[in-house]
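Colleague: These are the residues of each chain, in order.
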Amino acid sequence: MLKIFISLILIFFSFSIQAAKEITLNTTGKPPLNTPQLTGFMDLVAKEAFRRIGYTLKTVQLPAERGLINVNAGLEDGEMSRINGLDKLYPNLIQVPEKIMDWEFVAFSSNKIILTQGWQSLLPYSVAFINGWKILEKNVPKKTDITKVRTPEQLFLMLSKNRADLILYERWGGLLYTTTNKIRTIKQQHPPLATKKMFIYLHKKHTALIPKLASALKKMKLDGSYKAFYNKVLAPLE
Amino acid sequence: MTILTSSYQLYNNYQRYVGEINVRFTEIKTIHLKNLSDRLWTADLQALKSNLQEIAVLPDIQYMEITEKNKIISSHGFKQNSNVLEKTFPMTHLHKDKEIAIGTLFVQATLNNADNQVLTQVLEILISNAIKTFFLAGFILFIFNYLVTRHLHSMAEFATQLDIKKLNSQLNLDRKVTQTNNPDEIEILVKAFASMQEKLSISITQLKESELHFKQLVETTTAIPWEIDLSTDLFTYVGPQALNVLGYPITEWYTENFWRDHINPIDTKNVVNLRKKSINTRLDFELEYRMISKEGQTIWIRDDVKVVLKDDKPIKLQGYMFDITKRKLDEIELNKHRHNLEKLISERTTELIASNKELESFAYSVSHDLRAPLRGIDGFSQILLEDFGHELDSTGLDYLTRIRTAAQMMGQIINDLLLLSRVTRQDIVITEVNLSTLASSVLTRLQESSERNVQVIIEDNLIAEADQNLITIVFENLFGNAWKYTHNNEKPIIEFSKTIKNNKTYFYIKDNGIGFDMQFVDKIFQPFQRLHSNSEFEGTGIGLANVSRVIHRHGGDIFAESTQGEGSTFYFNFGS
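Sequences listed follow chains A and B, in order.
Letter by letter, the first sequence follows residues 219 to 456 of this note's numbering.
Letter by letter, the second sequence follows residues 9 to 584 of this note's numbering.
Note that these hints are calculated values from the structure, not bench results.
Careful: at least some of the hints might be erroneous.
Keeping only pairs whose Cα atoms sit at most 25 Å apart, straight-line, the calculated SDA-like set for lysine to any residue is [what the hints assert, rightly or not]:
| hint | chain 1 | residue 1 | chain 2 | residue 2 |
| --- | --- | --- | --- | --- |
| 1 | A | K366 | A | P315 |
| 2 | A | K276 | A | P315 |
| 3 | A | K379 | B | E107 |
| 4 | A | K366 | B | M418 |
Make a model of the complete structure from these sequences and hints.
Modeller: Quick look at the structure:
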């Protein structure tokens with residue numbers, strides 16, 4: 219009888235402790251990938267993955283560099299989506315090996331422009347993109363007529379005023395902007411100029427969770443729940 | 009000069025300030041415009057706003073706006089409608105080797121600070137000039153006071169103390185007397201003062217003489233001149249004649265209510281009311297009343313009073329009192345006699361009317377009674393002629409015929425006298441009478457009883473208010489006469505019409521008969537007055553007397569004009 223009582227007490231406490239587990243990830247993403255209400259595509263995927271390993275997810279919006287520094291210092295638990303290899307620059311961060319999604323960097327234009335040779339195709343055009351996006355700064359040819367702006371709104375305004383022939387932006391963010399603002403004249407260029415795999419990073423104190431989380435992500439892709447979130451959030455923008 | 013200099017300085021300062029604002033405009037163009045254009049090109053509204061805020065720190069720059077295709081993209085500050093300097097800069101961007109106009113930058117700078125600066129300078133200049141002017145004026149005042157004002161003050165004091173009785177006193181000033189031929193203004197003024205004193209003295213002497221002269225003139229009349237001040241209701245002057253007329257010393261006249269208290273109580277109320285009414289109406293007036301002399305006698309006074317006005321308000325009464333006691337007593341006596349006379353006349357008139365009535369009655373009865381024996385004489389004479397005529401010789405027949413003619417004549421006279429009596433006594437019944445119709449009727453009857461051819465001219469519709477029966481008598485007589493006295497004329501004309509004589513309307517009856525001598529014109533309307541013998545023209549001499557009496561009973565007027573051998577005209581009317 220005593221054994222049963224103790225067992226019940228332990229079970230109760232074990233559930234209580236498990237229910238109280240919470241993990242906080244920094245994010246720099248914008249809708250439709252991340253939202254403060256955790257309704258973005260990546261929010262839904264990460265939330266489900268953490269749920270499956272017994273954690274509830276919280277996110278904090280921080281500037282890119284500040285997020286990495288904070289997580290590296292152990293102030294937050296991890297990063298929602300970062301490119302491959304950041305653990306080399308920030309030693310306290312551990313990459314979850316299963317990617318959360320691919321980021322596609324695409325060009326948008328309002329004229330009939332066909333890009334056939336990747337980055338080099340941008341050379342004859344005036345191009346605008348957001349200042350600080352390293353991948354763009356690195357790959358856009360130096361001789362291109364480049365205008366750097368601060369916000370995505372500026373990009374689309376420049377395009378609509380014909381002050382730029384092409385603007386470079388993340389695919390889903392661009393599609394959401396044109397859909398939300400009902401801009402039919404601006405079209406996405408195919409194929410993407412670059413595709414980057416994005417990974418969740420956790421602080422090393424959560425090392426034990428890495429394989430479980432990777433496994434959960436993989437299972438989600440297999441059991442169709444990942445596709446279901448895609449269909450719900452991103453597919454309507456295509 | 010100071011004002012001009014200060015104004016020039018202020019103008020320069022203002023222009024310099026405006027220049028500084030223009031320098032700021034240039035600074036905005038050279039330093040900020042490129043940056044702003046880049047921000048506009050990249051549609052970076054937040055950065056534009058931030059840049060405008062930075063520019064707004066510049067002094068006097070109070071409003072900026074960036075316009076793109078006439079649409080304000082960003083603005084900062086508050087726009088002012090006046091007292092500003094404004095500048096608009098085109099915003100361009102080099103794109104694909106082309107300078108593209110992308111918008112405009114409008115900058116507005118306020119001139120309020122420039123105005124305030126100028127205002128402050130104006131105040132400074134004013135205050136400093138006021139201080140300078142104060143001290144300068146003080147210095148000038150001191151000098152002016154020493155040289156002029158204190159002497160003027162002395163002169164004013166001298167003039168204030170100057171008395172008519174002491175016109176010979178001399179004006180002395182505390183200053184050196186120059187003996188040059190060019191005296192200064194103060195000396196001229198002192199001399200003018202002395203000259204004025206001398207002239208004033210002469211004028212006052214002349215005035216006194218004149219006053220004495222007029223006073224003697226006024227006070228030698230029998231009328232009592234006087235004057236009352238209405239604010240106190242006291243005499244301010246009473247001529248010395250008052251003592252002789254009423255016996256009271258003149259000083260008593262100046263006491264309160266003297267005049268009112270010495271009016272005969274019978275007249276007091278009327279006199280006081282009339283005086284009050286005249287003052288209110290501001291009209292001069294005359295009044296007669298009785299005063300009681302010191303000896304207790306009643307003195308009749310006629311007062312001719314003038315109301316003296318100042319600013320249309322009565323301030324004084326001036327007048328003359330005349331002693332009319334003797335005249336008044338004479339008038340009373342005269343009124344007594346007149347009353348007696350009127351009474352006597354009335355009595356005599358009553359007696360006369362009674363006597364006239366008696367006489368008329370007597371005349372009527374006598375005339376009436378005479379007709380019976382006269383008819384007897386005429387009747388029996390006729391019987392004698394008819395029955396015994398063959399027994400008489402021609403002389404007897406002639407005598408008998410004469411008796412009859414005389415009796416008939418007498419009968420006619422008696423008829424006329426009766427008519428005259430009736431005309432006098434008969435009551436007049438006034439109606440509207442068409443004289444033209446009546447004249448035509450009378451002349452027709454005359455025409456019918458004669459074989460003569462007389463031209464008759466009658467004006468149509470001559471109307472009068474009169475007694476028709478009496479007017480018929482007038483017309484029968486006047487037209488009868490006209491008819492009779494044109495007997496010898498080969499082309500007799502009788503005219504009846506209307507004319508104006510001596511501003512009055514008259515009807516007239518005119519003929520071209522024998523006329524009469526105008527020296528007898530007064531006699532023709534009297535009874536039994538004839539200008540022609542009975543052998544020439546028949547008649548009793550009473551007809552025109554009847555006419556005259558009828559016209560006068562109507563209150564009218566009748567007269568005649570005539571020229572012997574040419575005819576007569578009888579004018580008449582029936583009064584008003």
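Colleague: It remains to establish, for every hint, whether it holds in the given structure.
Modeller: To see whether the hints hold, each was checked on the structure:
1. Pair hint K366/A plus P315/A does not hold up; C-alpha atoms about 33 Å apart against a cutoff of 25 Å.
2. With a C-alpha separation of about 21 Å, the suggested pairing of K276/A with P315/A holds against the 25 Å cut-off.
3. Restraint check: the Cα-Cα separation between K379/A and E107/B comes to about 16 Å, which is no more than 25 Å; the hinted pair holds.
4. Taken as a hint, the K366/A and M418/B pair is broken in the structure, with Cα atoms around 165 Å apart against an allowance of 25 Å.
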